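Engineer: What follows is each chain in one-letter form.
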Amino acid sequence: MAWITKPSGTMAVEQRSEPYLTEDMKNSIRETYLPRYETSKGALLPTLHKLQHTYGWIPRQALMEAADFLDLKPADVIDTASFYEEFWLKPKGEHVIAVCRSIACEFCDHKAITDRCREKLGIEVGETTDDGKFTLVELECLGACGGAPVALVDEKLHENLSPDEIDRAIDEARSH
Amino acid sequence: MTAYTPKMPGPVLTARIPTYPWADPKDRHIVSYDEYTRTGGYEGLRKALGMSRDDIIEEVKGSQLRGRGGAGFPCGLKWTFLPKVEPGTDPGPRYLAINADESEPGTFKDRLLMDFDPHLLLEGIAIACYACHLQRAFIYIRGEYHHQAMVLEQAIKEAYEAKVFGPQGLLDGTETNAGGTFAVECHVHRGAGAYICGEETALLESLEGKRGWPRVKPPFPAVKGLFGRPTIINNVETLAHLPSIIENGHQWFCGQGTESSIGGPPSFGSKLMGVSGHVNRPGVYECDLGIPLKVLVEDHCQGMRNGKKFKGAIAGGVSTGVLGPDEFDAPMDFDIGRKYNVLGLGTACPTIFEEDTDMVGVARNIARFFKHESCGQCTPCREGSGWLFQLLSRIEKGDARTKDLDLVLEIATSMGAMPGTTICGLADGNNWAVRTIVNKYREEFEARVRPSFVPVTMSVGAAANG
Ligand SMILES: Cc1cc2nc3c(=O)[nH]c(=O)nc-3n(C[C@H](O)[C@H](O)[C@H](O)COP(=O)(O)O)c2cc1C
Ligand code: SF4
Ligand code: FES
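Protein sequences, first through last, are from chains A and B.
First residue of the first sequence: 0, per numbering that gives the first Met the number 0; consecutive thereafter.
First residue of the second sequence: 0, per numbering that gives the first Met the number 0; consecutive thereafter.
Just so you know, the hints here were simulated from the structure itself, not pulled from any lab data.
One or more hints might be untrue.
[Unchecked claim] Cut-off 16 Å, straight-line C-alpha distance, at most; resulting in silico cross-link-like pairs (EDC-like, lysine to aspartate or glutamate):
1. LYS223(B) / GLU37(A)
2. LYS119(A) / ASP166(A)
3. LYS40(A) / GLU207(B)
4. LYS60(B) / GLU246(B)
5. LYS209(B) / ASP75(A)
6. LYS209(B) / GLU85(A)
7. LYS25(B) / ASP130(A)
8. LYS119(A) / ASP130(A)
9. LYS110(A) / GLU30(A)
10. LYS156(B) / ASP33(B)
11. LYS209(B) / ASP70(A)
12. LYS72(A) / GLU207(B)
13. LYS155(A) / ASP114(B)
14. LYS308(B) / GLU326(B)
15. LYS110(A) / GLU158(A)
16. LYS155(A) / GLU85(A)
17. LYS132(A) / GLU171(A)
18. LYS91(A) / GLU37(A)
19. LYS308(B) / GLU246(B)
20. LYS209(B) / GLU84(A)
21. LYS209(B) / ASP78(A)
22. LYS209(B) / GLU37(A)
23. LYS119(A) / ASP163(A)
[Stated by the list, open to error] Label pairs and their calculated CB-CB ranges:
24. ARG337(B) / ASN26(A): 52 to 62 Å
25. GLY49(B) / PRO162(A): 49 to 59 Å
26. GLU258(B) / PRO90(A): 54 to 64 Å
27. ARG449(B) / ASP114(A): 27 to 37 Å
28. ASP114(A) / LEU408(B): 26 to 36 Å
Here the structure is a predicted model, which is why all the values come from computation and not from measurement.
We treat Cβ as the ideally placed atom computed from N, Cα and C, and that holds for glycine.
So that you can see chain B by itself, here it is in the shape it has in the complex:
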């Protein structure tokens, strides 16, 4: 194995959350407002308020920070899609929606930040709100995160008491570079058990008190979002990066992570990677983007469970599809989609399979998830997800024929926003997950199906000549 040298100076997002290899997780505790400020917290916000809004946005653009929620969209660029605010004018309500829905199977990284260092997120929220002129922030947290919602509520209460948020203006009415004070309200909004509400426009619908049905885009949320107003949606981890970027500058951030090896946009910065499945020490690790999966598993997770061999991995949440047995060296960066034929890096939370894993069972489990979570708006997704689950269950039981396997691929390939048959990306996730598993482990599926019956007709007599 080639030696791997990290570029991170030390823990960044996990600076206050003891994490291997720097510290022992048994020392983890909820970081209070006092501890947070004592250890340099809210200095990034203080610095930001002394900067012009354009300079902050330039700094974030310069860092090339890419969204940590799954799509990897450049954060600074997204912010520039908001309508411009003329200095001295009131643009009316504009919102920040923080995506803390985290329901993609295999993904449990945002939870770490909310469990232990909620003020890091709150500081990121305050910076984003000031930079983008957003007066109100909603943290949309999945319903099952009861404890995390409580931790956040408590931290928000502390932040209001310390006058970070509230009517007097950020940081107790600190004079901002934009002139005067800028006030931000911040609230928790709890979801209620629907994966689809992680999709950004479904999230907005849910915030408005409706069922979580993704919207047809355009209009994009930056122009017409929550309650029809300009809205930015960012992932928890994306926002948690802002304080250190503002404090240390974009060059510091660009010194971590990696350039693209295929001429694409770079993957700078550190990333929380939650590893699950057949490894000795599953958990969340903070690593440079670009760390080879094998190093992540062998160095951080102490190798495969029971000394078994690596068979494959879900790249970053089930929607991304799988890496095959010979793709253990894959660097965990945003190039991974193009280089290894998966949907993308996703949430960078891989689930690892050992040699004995039944890939037909994996496909069936994932297909059931998508069938259960489809919101039902688009026929190819609603029906297709059900058919895929049925077909895969049949293959698993040994009741299927070769043509069923072809049908699986045909259905999977036809559904999604990329083929252009559905409204949102949930169906693409289903498509990529099923398709990559079947394609990369085709022999296993073929061994489970019986040959299709091919009728041979023979004509005799007069018809045989015609």
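The shape of chain A in the complex, shown without the other chains:
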């Protein structure tokens, strides 16, 4: 959550000449999203989703570009972007394994699923593998408690998981 502050003083802000928010993206936001909302800020979440989906994270420069495009203050954009867990403001792995840790999944031994991921990938929860392929996280209830234990591998939900199945799902993601 946003009030859990993260150190930013030492953070390098990298710049590149090529914009993250491309003309194509802008056009699609103009056509599809801006007309839906009474304010341009209404289109901020859809814009951030687009950036997140395209780059796997949202660099500082992209936030500035979004602010510029939607005619908002950069601070307002950062305020919103930093609040939501799904927006990554620092790079993450190419694939994200997100194991549910809420109550129904804990009952159905989510720990065995997380442990298999930790062993297989050689990382702890919250970390990314050295080759930048995988990030492992634990999330709260994914709304699939009847199929506990569950995990999201990128955007795909896997239910009734066994350690071997998450193992295979990781291999499958790696081969893509």
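With chain A fixed as given, assemble chain B with the ligands onto it according to the hints.
Structural biologist: Same frame as chain A, now just chain B with the ligands:
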């Protein structure tokens, strides 16, 4: 066990979604616009457009349909809080926000409707928009529901192509009873991983592109909601009930579910109940409100896993708190809060515990959830949720003393919108969850803490006399 006879004529919300005991879930598939209309879909909307707005609202009020999102607020009554629109005048933009955030641990019922029968929701949306004079609907869906968002987008596309939505007016410009046509736009708005955005005013903030911080009420959203305009917020399942209520009338709806046994408002209609935890066949079942939890578990879920004994259950999402070992017979209706000392029915999605469950661990897991999801605006919630998690973790590890247990109860009891210390109900959920677990399983907690050290001072000499 007393015999239980359902009152539902058959599946209602799950009529097109094969569900036990009527049909086998392996036959589930996405119901397309064509299949939906072929099987009687959009007839409720057709009928509604021939009715006056007041008559629709009266019908919904008559059904006493209570919100399925957690609070159980009467749907028809909520609608009457909107400012009146004089016939023939333009009231300016008014909104419907559909709450599809579904992030309460244990809850996975709205997902079933969005997975397989999206047009049922869309028809409900169209009826609500016409009845309440709302021109634009936003389905606020949680970010993790990638597949469901795609299913909805596709269904909305079909609905636009079939001219249900769009500028020409509902159902290809059908003349409404209110005179002329009425046009409704409908969009999906994706959240991004924040439970708090299910709280209705946080949801509006998030729709406006801001962080999801609940608003201080009043003003209530019906008067000043999205972009400062009159707005109705309803849960997915609440809206999905509208087509059948309009088609069959409120009396039909009131024939299902149950009256209150304690002189309160009734719990009519069917309800989606997602059962998880230690049962043989977890899943979503559609039942009459009032079905005893034990019947739900034994008949629908094929009993407790591994033949173990029932130890307790979360009533309907972790915020509601727990039912104890001797409360297995509790009827799943809106009386449950007053009768069994839980916060309420919540989402009616119970999580079941077997006899070996460590209740200290349960409390710790739930406390961590609330600590993680507190939006941080109110000190009692932001700090209290962290303290509760720390204290409960300490108790779990065996490092705590009796006074820590008292402190847990003191902190929990003091936080929430009901004690009046916070803006929204998230803290009440934390309060009820922790408090009911500690109170109903007190011995387990006491066995894990060591007695507090009580300093005994002895005075000698002159001071002893004074
Ligand atoms: C912290 C919190 C989270 C909530 N999450 C949800 C949710 O995910 N889905 C939902 O429908 N209602 C949720 N609610 C309840 C809504 O605020 C609101 O009461 C409901 O959407 C109204 O719709 P209904 O009257 O049709 O039930 C939540 C409430 C609180 C306090
Ligand atoms: S009670 Fe908690 S979640 Fe609700 S507004 Fe206050 S801090 Fe935020
Ligand atoms: S508790 Fe894991 S999906 Fe709900």
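Engineer: Mind checking the hinted window 49 to 59 Å against the Cβ distance between GLY49(B) and PRO162(A)?
Structural biologist: 58 Å, holds
Engineer: Between LYS40(A) and GLU207(B), does the CA-CA distance stay at or below 16 Å?
Structural biologist: Within the cut-off at roughly 6 Å; holds.
Engineer: So if I understand the rule, the pair passes when the alpha-carbon distance is 16 Å or less; does LYS119(A) with ASP130(A) pass?
Structural biologist: The given pair, whose Cα atoms are some 14 Å apart, holds under the 16 Å limit.
Engineer: Holds or violated: LYS132(A) with GLU171(A), Cα cutoff 16 Å?
Structural biologist: With a Cα-Cα distance of about 12 Å, the restraint between LYS132(A) and GLU171(A) holds, given a limit of 16 Å.
Engineer: Tell me if the straight-line CA distance from LYS209(B) to GLU85(A) falls inside 16 Å.
Structural biologist: 15 Å, holds
Engineer: For the hint 54 to 64 Å, verify it against the beta carbon of GLU258(B) and that of PRO90(A).
Structural biologist: With a Cβ separation near 58 Å, GLU258(B) and PRO90(A) satisfy 54 to 64 Å, so the hint holds.
Engineer: Given the hint of 26 to 36 Å, check if ASP114(A) and LEU408(B) actually sit that far apart at their C-beta atoms.
Structural biologist: Between ASP114(A) and LEU408(B), where Cβ atoms are some 34 Å apart, the hint holds.
Engineer: For a C-alpha distance cap of 16 Å, please report whether LYS155(A) and GLU85(A) respect it.
Structural biologist: 15 Å, holds
Engineer: For the pair supplied as a hint, LYS209(B) and GLU37(A), confirm whether the alpha-carbon distance does not exceed 16 Å.
Structural biologist: Roughly 14 Å between the alpha carbons, so the hint for LYS209(B) and GLU37(A) holds.
Engineer: Would the hint linking LYS60(B) and GLU246(B) be met if the CA-CA limit is 16 Å?
Structural biologist: 15 Å, holds
Engineer: Tell me if the straight-line CA distance from LYS156(B) to ASP33(B) falls inside 16 Å.
Structural biologist: 13 Å, holds
Engineer: Would you mind confirming whether the straight-line C-alpha gap from LYS223(B) to GLU37(A) stays at or under 16 Å?
Structural biologist: 14 Å, holds
When each numbered hint is compared with the structure, violations occur for hints 7, 9, 18 and 19.
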